[in-house]
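Participant: Listed below, chain by chain, are the residues.
Protein chains: 2
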Amino acid sequence: MATAKEFDEFDAPAHLKRRSRPLRVADAIKDLMVENDMVAGDRLPSETKMIEMFGMSKGTIREAMRLLEAQGLVETKTGPGGGFFIRQVSHERARALLGNYFYFQNLRIADIYQLREMLEPELAASLAGKLPAHALERLERDIARYSSPATSLEEERDHHVNSLRFHMRLAKYADNAILGFLIDFMASILSDITVSRHLYDPPNFDLWKNGIDCQTRLVAALRGGDSDAARSIMTEHMKYARRLMQNQEDIVPKRFIRER
Amino acid sequence: MATAKEFDEFDAPAHLKRRSRPLRVADAIKDLMVENDMVAGDRLPSETKMIEMFGMSKGTIREAMRLLEAQGLVETKTGPGGGFFIRQVSHERARALLGNYFYFQNLRIADIYQLREMLEPELAASLAGKLPAHALERLERDIARYSSPATSLEEERDHHVNSLRFHMRLAKYADNAILGFLIDFMASILSDITVSRHLYDPPNFDLWKNGIDCQTRLVAALRGGDSDAARSIMTEHMKYARRLMQNQEDIVPKRFIRER
DNA sequence: CCCAATTTGTTCGTATGTATC
DNA sequence: AGATACATACGAACAAATTGG
Chain A
1 MATAKEFDEF DAPAHLKRRS RPLRVADAIK DLMVENDMVA GDRLPSETKM
51 IEMFGMSKGT IREAMRLLEA QGLVETKTGP GGGFFIRQVS HERARALLGN
101 YFYFQNLRIA DIYQLREMLE PELAASLAGK LPAHALERLE RDIARYSSPA
151 TSLEEERDHH VNSLRFHMRL AKYADNAILG FLIDFMASIL SDITVSRHLY
201 DPPNFDLWKN GIDCQTRLVA ALRGGDSDAA RSIMTEHMKY ARRLMQNQED
251 IVPKRFIRER
Chain B
1001 MATAKEFDEF DAPAHLKRRS RPLRVADAIK DLMVENDMVA GDRLPSETKM
1051 IEMFGMSKGT IREAMRLLEA QGLVETKTGP GGGFFIRQVS HERARALLGN
1101 YFYFQNLRIA DIYQLREMLE PELAASLAGK LPAHALERLE RDIARYSSPA
1151 TSLEEERDHH VNSLRFHMRL AKYADNAILG FLIDFMASIL SDITVSRHLY
1201 DPPNFDLWKN GIDCQTRLVA ALRGGDSDAA RSIMTEHMKY ARRLMQNQED
1251 IVPKRFIRER
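Residue numbers (the numbering used here), protein chains in the order written: chain A, 1 to 260; chain B, 1001 to 1260.
Simulated from the structure, these hints should not be mistaken for laboratory data.
Incorrect hints may appear among the rest.
Below, computed lysine-lysine pairings styled on BS3-like, alpha-carbon distance capped at 27 Å [stated by the list, open to error]: (1) A:Lys58 x A:Lys77; (2) B:Lys1030 x A:Lys77; (3) A:Lys58 x B:Lys1172.
Construct the complete structure from the given sequences, taking the supplied hints into account.
Facilitator: Written out as structure tokens, the structure reads:
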């Protein structure tokens, strides 16, 4: 169990001496989580308890909790029975944090499509014959949301967003958590960019048609359990969309992804 | 410019009223960064200044800065000329933060290899003929580090780590920032797991041999600008390694990735 | 080498807000 | 409604780090 002594700054190795107290407390809490096999929902010691444990002031402890909160690892509740609780890092938080990184990385649209072209076909193939009826119906409802041609620019924008929503839905069903997360991340960035940069303007009828067509055939292939067909339909779709975005070599605009 | 009034809690829309003050300050600072096109190295207003600006106490401001610090967006320096400085989210920080997410996701070794098999061949292909001499030499030096068979378990472990280091090096040269980051991330997780789970035990001579062989041929292909060869060598290598890990269906052990 | 100025780091006491019983 | 247990927030004071004279 953690004692105040362990965290005494004078005990710290030389190269760690300068680390601030909140940072050290946050690390200690992480260790606590790992060593005690704590899971989401578990309660951490209260502020007062931590003040004793670490021999540090309330402000320092609070700063430490903020460090963990920003990482999505901890949430806070006031009132009796309240305190700091361990939280599973949410999809949305992870997406936003990774987005912060790419905020500085001069992403190009083509980069995103290069990834999508590698990942999405494999996801499609892996899901063939694996999805329950309600999932397939949900996908069909996603498609239905933009199945009639857009008659206004706003509708065109919504079509783009809804088309990407289909891909995010697919990503949720992924058996491979990394694969699912990444596909969702790509679609999410793309959706942001499409809206903020007005990439839906001018409307592109062919892209819409290809999207509807491919997604419809894809659902059929998924239902039929035809893995190869699913892969090649998705490949075709990605290549098509990529070609249309190919000239979008612009740097992705700088803005932070909001946690939704 | 931001004024205290803007952040008065009573001005906030209903659904945002409960957001804590540090959270709101952190968001305001992010907006400040975006709107003023601030870049890494730029200095944010000092504590005292922010206390005025937001009309909040020192503790609250500091908690807000910790929120940004944890995301890797801000660093702090004491002394004259010190203060809060904008910082480009580092590779290592992004890796650690994303690692937090997967800490809760029941990752399997096979999942990681599925991704590597998709991504690494494309990276290899895209680098053929593009790397300057010093980069190729660096890769060769990475290979040299484990070119003689391991004679002890520690050496075997180092061989695994060094082999993965080769892939991380390759990732650094990627033109596509997302692709590079992801490959590095996979190799990094794998390296962690290999060490912490002793996956290098028992030693696997064939895996080592295949690694050396493939990497040597890969560098030759990269130097010769043979894109297709580079892709197929990497594919072969990944498939081989994947097969050997195939039975490693275990859940990845729960531990946080340390920022290095 | 020391001293002074500047800026963050940390503590403590107090008061307030919030949810539960 | 009142008591309790918890986080949230403020303000004043002092400590530590860094820079420049």
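Participant: Each hint needs a verdict: does it hold in this structure or not?
Facilitator: Cross-check of the supplied hints:
no.	hint	result
1	A:Lys58 x A:Lys77	holds, 16 Å
2	B:Lys1030 x A:Lys77	holds, 25 Å
3	A:Lys58 x B:Lys1172	violated, 42 Å
In this structure, the one hint that does not hold is number 3.
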